[in-house]
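Asks: Now for the letters of each chain:
2 protein chains.
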Amino acid sequence: MMASIEAGGTKFVCAVGTGPHDLRAVTSFPTTTPDETLAQAIAFVREQEELAGQSVSALGVACFGPVDLRTDSPTFGHITSTPKPGWGGTDVVGTFRQALGVPVGFDTDVNGAALAESRWGAGQGLDPVVYVTVGTGIGAGALVNRQLLHGLLHPEVGHVLVRRHPEDTFEGVCPYHGDCLEGLAAGPALQARWQRRPADLGPLRDQAVAMESWYLAQLATMLMYLLSPERIVFGGGVTKLPGLLPALRKDAVSIVNGYIDAPAATTDIDSYIVPPGLGDQAGILGGLALAQRAVSR
Amino acid sequence: MMASIEAGGTKFVCAVGTGPHDLRAVTSFPTTTPDETLAQAIAFVREQEELAGQSVSALGVACFGPVDLRTDSPTFGHITSTPKPGWGGTDVVGTFRQALGVPVGFDTDVNGAALAESRWGAGQGLDPVVYVTVGTGIGAGALVNRQLLHGLLHPEVGHVLVRRHPEDTFEGVCPYHGDCLEGLAAGPALQARWQRRPADLGPLRDQAVAMESWYLAQLATMLMYLLSPERIVFGGGVTKLPGLLPALRKDAVSIVNGYIDAPAATTDIDSYIVPPGLGDQAGILGGLALAQRAVSR
Ligand SMILES: Nc1ncnc2c1ncn2[C@@H]1O[C@H](COP(=O)(O)OP(=O)(O)O)[C@@H](O)[C@H]1O
Ligand SMILES: Nc1ncnc2c1ncn2[C@@H]1O[C@H](COP(=O)(O)OP(=O)(O)O)[C@@H](O)[C@H]1O
Ligand SMILES: [Zn+2]
Ligand SMILES: [Zn+2]
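First to last, the protein sequences are chains A and B. So the first sequence is numbered by our numbering: it starts at 12 and just counts up by one. So the second sequence is numbered by our numbering: it starts at 12 and just counts up by one.
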């Protein structure tokens, strides 16, 4: 039995289990201060150990960021410079390791989801495989050459510059860039442009979907051109907009315009750009996959 | 002693040797028909073997594309669908292996250059590391998690959509996309926009450099956001434009605008975006690095 934490900026989700068919006691609570929130997660694990009459052999944390992933860094496993009050500099891995005394797997929330999708979901047997989330922000995780993609820092795909939609006069909401991808296409941008919740667009939906798919298709084609994944998984709240995924596929095919000579970029686009195979559980199963990986190393 | 071939669409460069300080008999000839050109390369290797009184232990080919890199594919080592007359379907690896009877390392020209730069040049000890060439076309190779980046197909960064420069009214020359990156910023685009050879821009140079750096900086920041390399090497004829690299660095820093919280994207940009450590030999040394890799496998 292992423990998993999907540590989000809004809420923490915790569970114990061994895989997608054995995920138990899924529990969530709001993210408050680091002290309180991490203590609550630790209490959850201890409780589950008592209930099950056995200890967890590892913990995995799929964490909101930015985080330090360099194993040779003195601040490995810390949250670094986050706008979230109080959380900058929090030693997530150290706190859990000390409290629980087990190996702690740690990576970004999106890398966790990418790993879980590659192990149990839509990315099985594929490499590279990318998991994109479009929600409060836009982020991506990737498995490349059988390992999660790290680097200078973990990928920050949300802030790429995109070509604007000709009918889009919205200035964008990114505090750094205004009209970068996230500034134009994440949930808060939709909310600000259309002045209503993305789930309640009503008659504006067609126009909103057309713009949204144009922006996300640019991200999809950038990924195809730069990283050449064998499949791209699109998850997150905004991808629930009815009609968005089909429109995104169509726009991606039209942007590539036959240049990428592979069925994935033409006839097979429906099985190339896909929703998460694990549905809304990609995140929490990401933590579990990270726990398993921490043990197998 | 090993043999290296930098197989370009315009010319083939051949050499034998053991590394950057022992690269011998560098010879080049125009790329004509596959039969004639491959035979000439084979004759070169045999000649060098006779001269040296020893056989080569392997050959590496850094090849123009598109090529099939999937080792489990029946057309592995072939050039696939190229506009270059006669070359579509050419079995490069098979031809050399049969003629020379030694292991043949094979990858794209840019992946070869990325491998050589990572082994002997500007990318030593870094991972991921990206090599970009801006010449007749725009391409990139990358080493990620200690292996060359392959995937659905090898990366085709040249054709990403970029945001247009506000003063650029040129329609672009890409036959697939018009104003994609390559259509706006490779050598032939410069030639067409300014109606003179890029080396002879004269008083137009400042304006040309400003546009060019704006487009290439978008590629650099896309790479930073999507692949997170520890260094990006920019080579190829167009990067010889005086002032281009400094302008590109400045534009990249200004596009990122402080969002990437790493010295590489701010104060250390001069050592982050760099010219090839191996100069114009990155390509031919790429073949040699591929040969070495073929043996060590
Ligand atoms: N049915 C829906 N249609 C469109 N947008 C939605 C829908 N449900 C949620 N969203 C948007 O998704 C965002 C939340 O994304 P989600 O992936 O659930 O969370 P987070 O990114 O915070 O982890 C919100 O901005 C919300 O407006
Ligand atoms: N000094 C220079 N300044 C600007 N552009 C140059 C210069 N030298 C060559 N070029 C351009 O670079 C292109 C050739 O690039 P190169 O990397 O040498 O070859 P290729 O891409 O064909 O392998 C041509 O389009 C040429 O116009
Ligand atoms: Zn931004
Ligand atoms: Zn193009």
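Since the hints were derived computationally from the structure, they do not count as laboratory data. A hint or two may mislead.
Identical chains share a label here; the pair holds if one copy fits it or two copies do between them.
As the list claims (entries may be wrong) - Here are the simulated lysine to any residue pairs, SDA-like style, with alpha carbons at most 25 Å apart:
no., residue 1, residue 2
1, LYS251, VAL24
2, LYS251, THR29
3, LYS261, GLY99
4, LYS95, PRO45
5, LYS95, SER307
6, LYS251, TRP131
7, LYS261, ALA36
8, LYS22, GLN158
9, LYS251, ASP217
10, LYS251, ASP291
11, LYS261, ASP190
12, LYS261, LEU172
13, LYS261, PRO41
14, LYS22, THR180
15, LYS251, GLN65
16, LYS261, ARG174
17, LYS261, LEU49
18, LYS95, TYR270
19, LYS95, THR29
20, LYS95, ALA273
21, LYS251, GLY198
22, LYS261, ARG175
23, LYS95, ASP179
24, LYS22, SER307
Asks: Give a verdict on every hint.
Replies: Hint check results:
no.: 1; hint: LYS251 / VAL24; result: within (21 Å within a copy, 53 Å between copies)
no.: 2; hint: LYS251 / THR29; result: neither (28 Å within a copy, 56 Å between copies)
no.: 3; hint: LYS261 / GLY99; result: neither (41 Å within a copy, 29 Å between copies)
no.: 4; hint: LYS95 / PRO45; result: within (10 Å within a copy, 60 Å between copies)
no.: 5; hint: LYS95 / SER307; result: neither (33 Å within a copy, 49 Å between copies)
no.: 6; hint: LYS251 / TRP131; result: within (21 Å within a copy, 48 Å between copies)
no.: 7; hint: LYS261 / ALA36; result: neither (40 Å within a copy, 51 Å between copies)
no.: 8; hint: LYS22 / GLN158; result: neither (27 Å within a copy, 37 Å between copies)
no.: 9; hint: LYS251 / ASP217; result: within (14 Å within a copy, 47 Å between copies)
no.: 10; hint: LYS251 / ASP291; result: within (11 Å within a copy, 50 Å between copies)
no.: 11; hint: LYS261 / ASP190; result: both (23 Å within a copy, 20 Å between copies)
no.: 12; hint: LYS261 / LEU172; result: both (21 Å within a copy, 16 Å between copies)
no.: 13; hint: LYS261 / PRO41; result: neither (38 Å within a copy, 41 Å between copies)
no.: 14; hint: LYS22 / THR180; result: neither (33 Å within a copy, 48 Å between copies)
no.: 15; hint: LYS251 / GLN65; result: neither (39 Å within a copy, 65 Å between copies)
no.: 16; hint: LYS261 / ARG174; result: both (17 Å within a copy, 21 Å between copies)
no.: 17; hint: LYS261 / LEU49; result: neither (43 Å within a copy, 41 Å between copies)
no.: 18; hint: LYS95 / TYR270; result: between (42 Å within a copy, 15 Å between copies)
no.: 19; hint: LYS95 / THR29; result: neither (32 Å within a copy, 53 Å between copies)
no.: 20; hint: LYS95 / ALA273; result: between (43 Å within a copy, 19 Å between copies)
no.: 21; hint: LYS251 / GLY198; result: within (11 Å within a copy, 43 Å between copies)
no.: 22; hint: LYS261 / ARG175; result: both (17 Å within a copy, 23 Å between copies)
no.: 23; hint: LYS95 / ASP179; result: neither (30 Å within a copy, 40 Å between copies)
no.: 24; hint: LYS22 / SER307; result: neither (28 Å within a copy, 49 Å between copies)
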